[in-house]
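Given the coordinates of chain B, work out where chain C should sit on it, guided by the hints.
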Amino acid sequence: MTMTKRLMLYAAWCLSMLAGAAISSYFAWSPWSDEDKPQANGPSGPNHK
Amino acid sequence: MTIQAVTCPQCGGTVEIRAAGWSVAVACGQCGSELDISRPEVTLITAWHESVAGLPLPIGRRGVLGDVEWEVIGALTRHDDEDEWHEFLLFNPYSGYAWLVLSGREWQFGRMPVDLPSSGTSGVRWRGRRFRRDGGATTMTVSRVAGEFYWQVRSGDTATGRSYIQGNDILSLEESDGEVTWTHLTTVRGADVARAFDVPDVTHDHAIGHAVHGFLAAPPMDDSDLPAMVGMGLVTALLALVLMLLVGGGSPVMHEAMAVPVGRSTTGTRLGTIVVERPWQFVKIRARMSDDASNRWIDLDYSLVNRNTQRSIDAYGLIEFYRGTDSDGPWTEGDHATSTLVAGVPRGTYDLYVDTNAHGWPSDPAPAYDPRLDPANPWALTAPSGTGSSGSWGNEETIAVAFEAWPGAMPWGNWWSELALLFTLPAVMIWWRYRDR
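Residue numbers (this note's numbering), protein chains in the order written: chain B, 1 to 49; chain C, 1001 to 1437.
Isolated chain B, as found in the complex (with noise of 0.2 angstroms):
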């Protein structure tokens, strides 16, 4: 099977997605980190109504 253009773009798209997990990986990062408070005050109890 011929690679169609839009699959050779896929695939350099996935290869930058794999670069990206070994990137981050080896240097632990992560945008769900936990470092900031997700609330200022505290919880304010349940939600359940």
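Keep in mind that the hints were calculated from the coordinates and are not lab data.
Heads up, some of the hints might be wrong.
As the list claims (entries may be wrong) - Computed beta-carbon distance windows for the label pairs:
| no. | chain 1 | residue 1 | chain 2 | residue 2 | range |
| --- | --- | --- | --- | --- | --- |
| 1 | B | ALA19 | C | SER1122 | 31 to 41 angstroms |
| 2 | B | LEU7 | C | TRP1280 | 29 to 39 angstroms |
| 3 | B | ILE23 | C | THR1139 | 48 to 58 angstroms |
| 4 | B | GLU35 | C | VAL1242 | 21 to 31 angstroms |
| 5 | B | GLY45 | C | THR1267 | 19 to 29 angstroms |
| 6 | C | SER1312 | B | ILE23 | 17 to 27 angstroms |
| 7 | B | GLY20 | C | ASP1177 | 55 to 65 angstroms |
| 8 | B | GLU35 | C | THR1267 | 12 to 22 angstroms |
| 9 | B | GLY20 | C | ALA1427 | 14 to 24 angstroms |
| 10 | B | LYS5 | C | GLY1272 | 52 to 62 angstroms |
| 11 | C | THR1158 | B | LEU7 | 40 to 50 angstroms |
| 12 | C | ALA1337 | B | GLY20 | 24 to 34 angstroms |
| 13 | B | ALA19 | C | THR1181 | 49 to 59 angstroms |
| 14 | B | ALA19 | C | GLY1249 | 11 to 21 angstroms |
Stated by the list, open to error - Covered by chain B, per the in silico footprint, the following chain C stretches (three or more residues, Cβ under 8 angstroms):
| no. | region |
| --- | --- |
| 15 | 1235 to 1244 |
| 16 | 1331 to 1341 |
| 17 | 1415 to 1425 |
The structure presented is a predicted model; accordingly, all values stated were derived computationally and were not measured.
Even for Gly, the Cβ is constructed at its ideal location relative to N, Cα and C.
Just chain C now, with coordinates in the frame of chain B:
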């Protein structure tokens, strides 16, 4: 190219016929009337006075497309329930007729195929390729005519149209009065049309949208690159998972328990030591309060303090668990445990400290009365030295919290983000393909 001239019976103007011998109808360029030129005596089909000015391609303009010099000899404006578009009839005495269609600021070049498509289950097959049906049948109405044509055409004429698509190729089927016409259309760049016919490029500000449309255009399943794309995404996701586990994975190395008082805060409790051995690592801290605690929340402020540099990295955690009963029955909310991920911790030895701030909901619990009153201090006005407790009313509620911490955690948020980024595009393409079904 032979050009003949006839006189318009409506305005008396001279009308040039560029495809003499082929054309059967022509619109007068001066008054816009539609003329029947299939017989020697030119007759008026309908007088039409709307200006033909403003067409994206002027009648009579010549341009080279695909190594053929074409002349624009006719223009139709048509519409269906949703869109309006322009169709320009091109003529070359050696190559015959062709079409340039301007639809939604996208140019398409069309020729009538000699070999007709054969019908399939959900589309047609033509020259070994499967074209899928693009939407349903629409009724197209001619709203404007200018120039000359090889068939009788007038404003208000209707035809039923269907489209079949594969990539950037479209097969257009028109049925009118029992006559079936196929046209093979291919997308051409607006810049090429503008350059060939020396007209402004009406598509230049939609170049990005055009590229996105071309990228999303999905061929039929048997020719599709979508399965290969999904497979490529899965392999990448798996490799990323292995990579993250190898580089980041770890298991708890520090265990500590603490009695957290409710209704007040504590500061600077040292939980243990974490050693980060790689240049950079994640540190994960898990805290779990006792299962019998409910309607309580605990703020946890962590500090990882580097023993050599005294630099502190702060992070935050929250445990909250509530339960109650309402008209629907008992309910619970929250969890007894929480995990905190500290990112980008450089190599070194760290002491882990925690500040706690625990409270009850909807209010802090009242201290339980202690019958073993201290006669010298019955109202607990002064706290016994060194205890920090509240004296005789000081059966202070505490919550047992177990802490675990370790370097090298798996960043699951990163992996889920990776999955989303990898599969958004195939998902959009699948939606794009099946949006009409």
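Each hint tested on the structure:
1. Evaluation of the 31 to 41 angstroms hint for ALA19/B and SER1122/C yields a pass: the beta carbon distance comes to about 40 angstroms.
2. Between LEU7/B and TRP1280/C the CB atoms are about 35 angstroms apart, so this pair conforms to the stated range of 29 to 39 angstroms.
3. Between ILE23/B and THR1139/C the Cβ separation comes to about 56 angstroms, which falls inside the hinted range of 48 to 58 angstroms.
4. A beta carbon spacing of about 27 angstroms between GLU35/B and VAL1242/C agrees with the range 21 to 31 angstroms that was offered as a hint.
5. Taking 19 to 29 angstroms as the suggested C-beta distance range, the pair GLY45/B and THR1267/C conforms, at roughly 24 angstroms.
6. Distance hint check: the CB atoms of SER1312/C and ILE23/B are about 26 angstroms apart, consistent with the given range 17 to 27 angstroms.
7. Under the hint 55 to 65 angstroms, the C-beta atoms of GLY20/B and ASP1177/C, about 60 angstroms apart, fit the expected range.
8. Checked against the given bound of 12 to 22 angstroms, the beta carbons of GLU35/B and THR1267/C, roughly 19 angstroms apart, stay inside it.
9. A hinted range of 14 to 24 angstroms holds for the C-beta pair GLY20/B and ALA1427/C, which are about 19 angstroms apart.
10. Between LYS5/B and GLY1272/C, the C-beta spacing of about 55 angstroms keeps the proposed range 52 to 62 angstroms intact.
11. Hint check: THR1158/C to LEU7/B, Cβ distance near 41 angstroms, so the stated range 40 to 50 angstroms holds.
12. As the Cβ distance of ALA1337/C to GLY20/B is approximately 30 angstroms, the hint placing it in 24 to 34 angstroms holds.
13. Checked against the hint of 49 to 59 angstroms, the C-beta distance between ALA19/B and THR1181/C comes to roughly 52 angstroms, which is consistent with it.
14. Taken as a hint, the range 11 to 21 angstroms holds for the pair ALA19/B and GLY1249/C, whose Cβ atoms sit roughly 20 angstroms apart.
15. Here the region 1235 to 1244 of chain C counts 6 residues with a CB under 8 angstroms from a CB of chain B, which clears the bar of 3, and the coverage holds.
16. Remark: the region 1331 to 1341 of chain C is confirmed as covered by chain B, as 5 of its residues place a Cβ nearer than 8 angstroms to a Cβ of that chain, reaching the required three.
17. Evaluation of the coverage hint for the region 1415 to 1425 of chain C: fulfilled, as 6 residues show C-beta separations to chain B shorter than 8 angstroms, against a requirement of three.
Of the numbered hints listed earlier, not one is contradicted by the structure.
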